[in-house]
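Visitor: Each protein sequence line maps, in turn, to chains A and B.
Start counting the first sequence at 1; every next residue gets the next number (the working numbering).
Start counting the second sequence at 1; every next residue gets the next number (the working numbering).
Hints are computed from structural coordinates only; laboratory data are not their basis.
Any given hint could turn out to be false.
What the hints assert, rightly or not - Okay, the calculated beta carbon distance ranges per label pair:
| # | chain 1 | residue 1 | chain 2 | residue 2 | range |
| --- | --- | --- | --- | --- | --- |
| 1 | A | SER19 | B | GLU675 | 35 to 41 Å |
| 2 | B | GLU704 | A | GLU94 | 23 to 29 Å |
| 3 | B | LYS400 | A | GLU123 | 47 to 53 Å |
| 4 | B | LYS61 | A | ASN21 | 22 to 28 Å |
This one's a predicted model, so the numbers in the text were calculated from it and none came from an experiment.
Ideal Cβ positions, reconstructed from N, Cα and C, are used throughout, including at glycine.
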Amino acid sequence: MKQAIELNINGDTHEILVSPNNTLLEVLRDKLGLMGTKRGCDLGACGACTVLINGDAYLSCIMLAVDAIGKEILTIEGLDEGGDLHPLQRSFVENGGLQCGFCTPGMILTAKAILGEEKHPTEEVIKRKMAGNLCRCTGYKKIFEAVMSVTEQSGKEF
Amino acid sequence: MEKELNVVGARLPMMDAAQKVKGTALFTDDLILPGMLFGKILRSPVPHAKILNIDTSRAEKLPGVKGVVTGRDIPDRKYGIVPMAKDEYALAKDKVRYIGDDVAAVCAIDPEIAEEAVELIKVDYEELPAVFDPLEAKREGAPEIHAGIKNNTSFAIRKEFGDVRKAFAECDAIFEDTFYSQPVNHAPLEPHAALAQFDPLNGELTIWSSTQIPFFLRRNLSNTLQIPESKVRVVKPKVGGGFGQKIDLYAKDFCAAWFAIQLGKPVKFVYEREEVFISTRQRHPMYITVKTGMKKDGIILAQKFQAHADGGAYNSTAPTMIALSCYFLMIPYRVPNLIYEGYHVYTNKPVGGAMRGHGIPQARFAVERQLDMIAERLGLDAAEVRIKNSIHAGEPHPAKFIINTCGFSDSVKKAADAIGWKEKRGKLPLGRGVGLAGASFPSGVSNMSHISSGAVVQLGRDGAVNVLSGAADIGQGAETVISQIVAEELGVPIEDIRITAADTGITPLDPGTFGSGVTVRAGNAARLAVISVKQKLFNFIADKLEANVADLVAKDRNIFVKGSPEKGMTLSEALKSYQYADLPMPIVGRGSWMAPATEPTTLFKEDGNFAPSYSFMTQAAEVDVDLHTGKVKLLRMVTAHDCGRAINPMLVEGQLEGSVVGGMGQALYEDVIVEKGQVMNPSFLDYGFPTFLEMPEIEAIEVETDDPIGPFGAKEAGEGTQLSPAPAIVNAIYDAIGVNFMELPITPEKILDALEEKKNRKNSRSDQCISHC
Numbered sequence: 001m002k003q004a005i006e007l008n009i010n011g012d013t014h015e016i017l018v019s020p021n022n023t024l025l026e027v028l029r030d031k032l033g034l035m036g037t038k039r040g041c042d043l044g045a046c047g048a049c050t051v052l053i054n055g056d057a058y059l060s061c062i063m064l065a066v067d068a069i070g071k072e073i074l075t076i077e078g079l080d081e082g083g084d085l086h087p088l089q090r091s092f093v094e095n096g097g098l099q100c101g102f103c104t105p106g107m108i109l110t111a112k113a114i115l116g117e118e119k120h121p122t123e124e125v126i127k128r129k130m131a132g133n134l135c136r137c138t139g140y141k142k143i144f145e146a147v148m149s150v151t152e153q154s155g156k157e158f
Numbered sequence: 001m002e003k004e005l006n007v008v009g010a011r012l013p014m015m016d017a018a019q020k021v022k023g024t025a026l027f028t029d030d031l032i033l034p035g036m037l038f039g040k041i042l043r044s045p046v047p048h049a050k051i052l053n054i055d056t057s058r059a060e061k062l063p064g065v066k067g068v069v070t071g072r073d074i075p076d077r078k079y080g081i082v083p084m085a086k087d088e089y090a091l092a093k094d095k096v097r098y099i100g101d102d103v104a105a106v107c108a109i110d111p112e113i114a115e116e117a118v119e120l121i122k123v124d125y126e127e128l129p130a131v132f133d134p135l136e137a138k139r140e141g142a143p144e145i146h147a148g149i150k151n152n153t154s155f156a157i158r159k160e161f162g163d164v165r166k167a168f169a170e171c172d173a174i175f176e177d178t179f180y181s182q183p184v185n186h187a188p189l190e191p192h193a194a195l196a197q198f199d200p201l202n203g204e205l206t207i208w209s210s211t212q213i214p215f216f217l218r219r220n221l222s223n224t225l226q227i228p229e230s231k232v233r234v235v236k237p238k239v240g241g242g243f244g245q246k247i248d249l250y251a252k253d254f255c256a257a258w259f260a261i262q263l264g265k266p267v268k269f270v271y272e273r274e275e276v277f278i279s280t281r282q283r284h285p286m287y288i289t290v291k292t293g294m295k296k297d298g299i300i301l302a303q304k305f306q307a308h309a310d311g312g313a314y315n316s317t318a319p320t321m322i323a324l325s326c327y328f329l330m331i332p333y334r335v336p337n338l339i340y341e342g343y344h345v346y347t348n349k350p351v352g353g354a355m356r357g358h359g360i361p362q363a364r365f366a367v368e369r370q371l372d373m374i375a376e377r378l379g380l381d382a383a384e385v386r387i388k389n390s391i392h393a394g395e396p397h398p399a400k401f402i403i404n405t406c407g408f409s410d411s412v413k414k415a416a417d418a419i420g421w422k423e424k425r426g427k428l429p430l431g432r433g434v435g436l437a438g439a440s441f442p443s444g445v446s447n448m449s450h451i452s453s454g455a456v457v458q459l460g461r462d463g464a465v466n467v468l469s470g471a472a473d474i475g476q477g478a479e480t481v482i483s484q485i486v487a488e489e490l491g492v493p494i495e496d497i498r499i500t501a502a503d504t505g506i507t508p509l510d511p512g513t514f515g516s517g518v519t520v521r522a523g524n525a526a527r528l529a530v531i532s533v534k535q536k537l538f539n540f541i542a543d544k545l546e547a548n549v550a551d552l553v554a555k556d557r558n559i560f561v562k563g564s565p566e567k568g569m570t571l572s573e574a575l576k577s578y579q580y581a582d583l584p585m586p587i588v589g590r591g592s593w594m595a596p597a598t599e600p601t602t603l604f605k606e607d608g609n610f611a612p613s614y615s616f617m618t619q620a621a622e623v624d625v626d627l628h629t630g631k632v633k634l635l636r637m638v639t640a641h642d643c644g645r646a647i648n649p650m651l652v653e654g655q656l657e658g659s660v661v662g663g664m665g666q667a668l669y670e671d672v673i674v675e676k677g678q679v680m681n682p683s684f685l686d687y688g689f690p691t692f693l694e695m696p697e698i699e700a701i702e703v704e705t706d707d708p709i710g711p712f713g714a715k716e717a718g719e720g721t722q723l724s725p726a727p728a729i730v731n732a733i734y735d736a737i738g739v740n741f742m743e744l745p746i747t748p749e750k751i752l753d754a755l756e757e758k759k760n761r762k763n764s765r766s767d768q769c770i771s772h773c
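Let the sequences and hints guide you as you build the complete structure.
Guide: Written as structure tokens, this is what we have:
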């Protein structure tokens with residue numbers, strides 16, 4: 001049986017009819033057209049579907065939509081600030097931290113979650129916490145540099 | 001070679017980078033059309049069988065199902081990316097040849113119903129004996145996979161260059177070794193997808209597809225659907241990586257189009273990750289035996305090379321792959337006498353296809369490994385051997401390649417210096433080692449029918465530059481590079497360029513993204529087009545300025561007389577006066593470009609200059625081998641690459657870094673494990689390609705040459721660097737632990753087994769312990 005739920009996504013409240021087994025990814029993409037969240041494996045193994053829930057990184061392809069009720073969901077569409085790129089987004093652009101762009105939203109949101117936990121994570125922490133986000137194009141180096149360059153800008157709030 | 005350049009050579013972000021970071025870049029699966037239906041493919045559960053009957057009645061009756069199609073419903077038209085090698089139907093007609101072969105498709109109002117309907121199709125199979133190894137498949141009496149293909153060998157070439165028998169007789173030492181290179185999946189992050197729409201009023205089909213080859217896809221769809229090419233429009237949205245895997249027509253393309261035509265509604269197919277692993281393409285597994293004859297000083301006199309490629313169930317790019325692995329044995333080293341025997345053999349397994357390097361990485365693994373082994377046996381320095389045998393620009397080539405520029409020996413020296421070769425090779429403690437390997441790759445393909453690119457540049461009244469290019473940007477940044485070339489030539493910033501690319505209904509012909517030829521081919525076409533625009537404008541301005549056309553320069557949105565910047569006008573003024581002179585706007589320039597080929601070749605039959613130019617590169621690796629766990633860590637990889645002049649150094653670095661990490665995956669981690677035709681690890685959880693944690697330190701060194709053919713001297717940068725990371729790493733492992741591995745990948749199990757065996761051998765001779773030796 002479908003049921004109506006309310007989800008808070010990027011600051012807006014959406015009322016959506018879902019089945020209990022609908023994943024958050026299905027709701028975001030197929031019901032709300034928020035296509036920035038990508039489906040790469042549907043198995044929680046590639047990180048392309050990463051969203052933030054109350055600031056923490058979650059894999060939306062293995063999370064039920066109903067489990068996100070009452071929480072603040074942030075997708076890549078909600079990250080920029082009044083049309084201006086978020087510092088992480090800008091850093092990915094300027095440092096060439098992307099190629100095909102398919103993993104990019106998930107990479108950026110995971111990086112945001114890391115920087116939300118600690119302002120100046122070590123290189124090892126970044127590598128370990130981003131290891132769940134796969135990229136087949138870049139070899140990770142420029143993505144890593146893009147994230148590092150943001151952590152080096154002191155005093156910023158993310 | 002110093003040219004003053006502003007936009008070419010700049011580290012510019014990709015033009016669509018902001019879209020990608022904002023999540024607004026649209027890939028095929030992100031597209032939605034009103035009334036869209038969803039498709040799903042039924043795949044074979046058996047490796048080899050006759051299809052006796054397909055009962056689709058239960059699926060058809062399921063509420064929400066709008067159509068079912070099987071092989072017997074579709075036109076009797078085979079497809080294939082290489083015309084001479086067509087051996088595949090969009091849906092199997094009478095036989096399935098591997099687990100995952102496309103059998104039938106359904107189309108329904110939502111993906112869940114489509115999935116349920118697929119399971120309601122009942123197929124009666126008569127199972128046939130299957131064969132899973134190319135050496136067995138080639139034997140007399142092996143199961144016949146394709147009717148009439150003897151010994152399952154769909155392509156075989158034997159080539160001889162020079163006088164091999166005589167050359168071997170003159171050698172001081174001859175070595176023969178056998179190697180194996182494993183199957184690797186491209187694993188682009190974006191699963192393959194297609195969305196088709198048909199307009200019954202004018203009979204036009206539009207298909208959005210995750211493809212590297214829009215124009216080849218158009219041709220294959222036209223051929224298999226039996227509708228004119230002019231009625232098929234292929235649009236390439238953003239493509240989430242390809243690496244060669246998206247060079248083909250797949251069932252999802254055909255079936256989306258088929259249902260769209262039948263039902264008059266848009267239809268979308270998206271492959272699951274498992275389907276990408278099983279039913280698309282992979283790097284050919286290959287058995288290779290190489291015999292090399294040398295003089296005492298390490299000069300290669302002759303080679304004999306025998307390769308058996310495991311093609312899986314179909315040909316895909318078979319002839320090209322075999323030809324490449326043959327001809328690129330004679331570059332970057334001088335091999336004056338060569339016998340090559342190559343076989344593409346069918347097995348009941350997933351299909352081999354083009355993957356970054358395309359037949360060459362397997363050959364390089366064998367040759368570069370063997371060169372190290374020979375150097376060791378002859379007491380020579382492995383880097384020196386490579387420098388000594390390096391080919392040089394302008395040298396005659398046994399297969400008639402024309403080498404205009406060549407930075408190979410430089411690349412060996414630079415890579416060796418950067419990795420600390422002299423201080424480290426053979427001198428590091430047990431478990432640490434350095435190794436290197438070289439390679440060369442074509443910048444596209446010279447003259448293989450219809451391999452040419454077109455471009456149109458339009459300059460409007462407001463100075464906006466509109467570029468139409470057929471080139472397929474699959475994430476490497478082709479659109480940005482082409483725009484940089486146009487901007488440079490017209491003297492405007494890249495912000496003034498708008499590019500529309502890879503839409504067969506709008507943009508000029510282009511063969512697509514393969515063979516690392518986009519920058520040279522499509523870049524040259526765009527350059528010719530913008531030069532034509534510039535000439536039209538210059539011809540007009542020259543009169544106004546009372547100057548010679550040849551003396552005019554376009555720079556910083558100005559046009560002026562060379563050496564006298566005050567004698568000129570802004571581009572905007574120039575366009576205004578052009579318009580007020582009642583000359584037609586927009587100013588349009590067209591360009592078409594094909595590599596010059598005095599001796600055109602496909603390499604299938606005759607020799608000749610295969611590519612407009614060749615890149616050269618050396619990779620040098622430093623590894624740490626954990627003697628207790630067997631894990632190998634690639635600490636550092638230096639890659640010295642002669643890619644001519646980099647149009648965009650940041651994008652070039654990205655290509656090199658991605659290639660290195662992909663090559664590391666092939667060396668250490670990746671293997672499509674197949675048991676009795678069943679892929680055992682078709683997911684990212686089980687397949688395990690490199691993550692952030694495995695990322696090595698990477699140093700990219702530019703070895704710049706100024707190529708006369710490429711736009712602004714550019715050569716390829718996308719593929720060559722994936723040829724030799726694997727042998728460089730395996731050579732470094734030898735330096736670390738003294739074990740010669742001949743089969744990829746080098747897993748911890750293999751390391752531990754080898755160390756154990758080494759220890760036992762030593763123990764049987766003496767009491768020495770491995771940790772002390």
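Visitor: Could you say whether the range 23 to 29 Å given as a hint is met by the Cβ separation of B/GLU704 and A/GLU94?
Guide: holds (24 Å)
Visitor: In this structure, is the beta-carbon distance linking B/LYS61 and A/ASN21 contained in 22 to 28 Å?
Guide: For B/LYS61 and A/ASN21 the Cβ distance comes to about 25 Å; the hint holds.
Visitor: Is it true that the C-beta distance of A/SER19 to B/GLU675 lies inside 35 to 41 Å, as the hint says?
Guide: 36 Å Cβ-Cβ, so the 35 to 41 Å window holds.
Visitor: Quick check on a hinted range of 47 to 53 Å for B/LYS400 and A/GLU123, using CB atoms only.
Guide: 50 Å Cβ-Cβ, so the 47 to 53 Å window holds.
In this structure, every one of the numbered hints holds.
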